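Student: Protein sequences appear in the order of chains A and B.
Be aware that the first sequence starts at 1, since it is given in this note's numbering, and climbs by one per residue.
Be aware that the second sequence starts at 371, since it is given in this note's numbering, and climbs by one per residue.
Hints listed in this document are in silico derivations from the structure and should not be mistaken for laboratory results.
Since we're looking at a predicted model, the values are computed, not measured.
The beta carbon of each residue, even a glycine, is placed where N, CA and C say it ideally should be.
Check each hint, because a few of them may be wrong.
[What the hints assert, rightly or not] Cross-link-like lysine-lysine pairs, in silico, DSS-like; alpha carbons within 30 angstroms at most:
1. Lys29/A with Lys489/B
2. Lys403/B with Lys29/A
3. Lys489/B with Lys693/B
[To be verified] Which bits of chain A does chain B cover? Going by a derived footprint, with three or more residues having C-beta under 8 angstroms, they are:
4. 111-120
5. 337-348
[Claimed, not checked] One side of the interface only, derived from the structure: several residues of chain A facing chain B at Cβ under 10 angstroms:
6. Arg226
7. Gln235
8. Gly268
9. Leu269
10. Ala270
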Amino acid sequence: MSEPVDQPATAAANERARPEIVYRWDLDKTYVQTDFSSVRGLLRAATEKAENKRVVPGMRALLTGLSRRHQARIIVVSGSPTQMRPKIERMFALHGVRCDRLVLKDFVGRVTKLRSVRAQVPYKLAAHLDTRAWLLERNADVDEICFGDDAEVDALIYCLYTDIVARRIDATRLRGLLSHCGAYDDEVRHILSSLAKLPRQDPVRRVFIHLDTRSPPSRYHTYQGRVTATFNALQIVLSLHQDGLAGPVEVTAVAEALVRDFRVDAHGLAGSIEDATRRGLCSADTAERVVAEILPHTDAAQAGFDARFADRVVRRLRQAPPVAPAGEPEPLAYEELFDAEHRFASARKMARKAASRVPGFRDFLESERE
Amino acid sequence: MAHQPTIVIDTYGGNSAPDAILTAAAKQSLSGKAQLLLVGDAAELQRRLASLSYDPMRLRIVGAPAPYPRHTGDALAATQAARAALPIALDLLTDGEGDVLVTAAPPAVAWELSCDMLKPIAAGVPPALASVVPTLPRSSGDDPFALVLDVSGTPSHESESLVAFAAMGAAYARVVSGVRQPQVSLLSTGLGLDDGPPAVVAAHRVLKKASDFQFVGNMRAVDIPRGYADVVVSDGFTGHAVRGLLEGLTDLTIDAARYAWKSKVTWRAGLRLLSPGVGMLKRVSEFKEYGGSPLLGLEKLVLVANPDSSETALANAIALAGKCARRGLSTEVAKQLDATQELWQGGTS
């Protein structure tokens, strides 16, 4: 079988000692804006230059900030083909992002296994386990924060990775699960042998899913609070700030990037913060501090986020109803989740087609008026 | 996304509140054309919002203390909720946070509170509730709707008010329908200069001199759907009655089609063949699908949607509110009212 093609992206990667945290990223739709729904989009993704790659608003500032923090490592696992490596590495270099490990998918090696070309679960799970082993060669136990998006099954993959490393799922169940997700026998064998080399740990502290395709946040309620659904980079950095993993510098950088590069105004910033608070991504206290003490002193002030505006937002945050604490997570029914994710993807495709359809006359006539 | 209009949305209004308006607002937030401020029970809205696609950068919630009425169609509960929430929504307009308000509250309550809390756009000019009605194609443009104002039910107006309504209607037709020289008419009993009550006769004499819009004289109610004018001016009581009659006729047509559908197989087959045309007819004639009736003449625009409005109609109302704000309807109305003042200075002979 073709294993994930994994190699250090920078020479300095191995020299970094004892990182406290690892940021595990997906690439397409999480960091880079890509359109895989059309042939044109695919061609564009394959041919455009590194300097022309469009980044998800605010993510460049976020990832750059995280990669600059001491004792942090960045691992990127992407479904993009290995041929894209020079472009992706150049893009990260241009963005000032230090990528310690970049794993890409070897499509040529999978040409005889068509199911493997499309299937994400076996490929990414193997890549996550291999990079975990690579990390453990350098450190005993490292916490991880994972970043993905709602276009594919990133949430499921990250949760499954967490559960198998923590040995909450045994080998027999994992074998059945991988078969259900379309894995070939050699892929299953590879995953099980990689897992056997890892000690039992519970490293994943949070899984962020960027709602790139604007899925409703409730789509991730079935993950029992293990997944943090976010609409934009500001919500992610607020949550990291709450957890002590991002400071005012990172919050400022993301907010300023949104204002400067993506023309987000004060209402846009405030709306994101209020939404994050209402959904429990950060506490009202953290949000208040960011609103009152950080944003009015940044470029956001030029977009209308001045002290007066901040006062108004703080008043609203204080009126917001308290968020109920999340209950203890229960074991996930992965087979059902996998089927549900596929049903959701099909329904979304059909909804897009139906959106242009004129409401039917028959529906109108057969509906009873009250 | 800088300099987008801010639309305040009352989520208590309408017989299917807050679901229909919330779904419409969530959908509109994805269009990225305006900032939306939802006034409502924050915890309840957030709970329902979680199952919708929306963009938090364009959709914010302003908490209101009132709970949502439990039973749809409970007029008393709807009125109480409107009286609790609308002042908060209107405050957002007077504070300068919002540019336009969209509400599906009972129209009488929306009218009363808006007129109480918002200043008139010009001294001495009463506000007017306008309504769009479908017409045959008009020479002035593609908009299939003409504007009738005032339809508020206010018993009578002086000639000065009728002239002001003509100016406001012309401004609306110019800004929203894109008609450069709108055709304006007075609703009366006959076409002659002296037909109709004294206020209409006096207003006719003044409007004849208008140059910013084309005054086409009097019009009878029967001529409204024929598309003889872009704007039809009447006093509030008459306008209300005319709109009610047109809504009743539309309901009758729809009921007749439903009856035919259920009565005979051959009629059903005929309707099936006609379905694209009948569907189109329904979309232009169904008042519940239009969106909102603009309340003109106040410092900020209020769009009053039918309480029975569907999600589509409410989405249309929000889109219309954005269009009005982006194109500066309030400024255009004030400008047109100023110009009309000069007509009075020229005398009424």
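Student: So, for every hint listed, does it hold in this structure?
Tutor: Hints versus structure:
1. Lys29/A with Lys489/B: Status violated; Cα separation ~48 angstroms.
2. Lys403/B with Lys29/A: Satisfied, since the Cα-Cα distance of roughly 23 angstroms is no more than 30 angstroms.
3. Lys489/B with Lys693/B: 22 angstroms, holds
4. 111-120: violated (count 0)
5. 337-348: violated (count 0)
6. Arg226: Hint violated; Arg226/A Cβ to chain B Cβ min 16 angstroms, cut 10 angstroms.
7. Gln235: 8 angstroms, holds
8. Gly268: 4 angstroms, holds
9. Leu269: Leu269/A check passes; min Cβ-Cβ to chain B is 8 angstroms, inside 10 angstroms.
10. Ala270: At about 7 angstroms, which falls below the 10 angstroms cut-off, the nearest Cβ of chain B leaves the hint on Ala270/A intact, so it holds.
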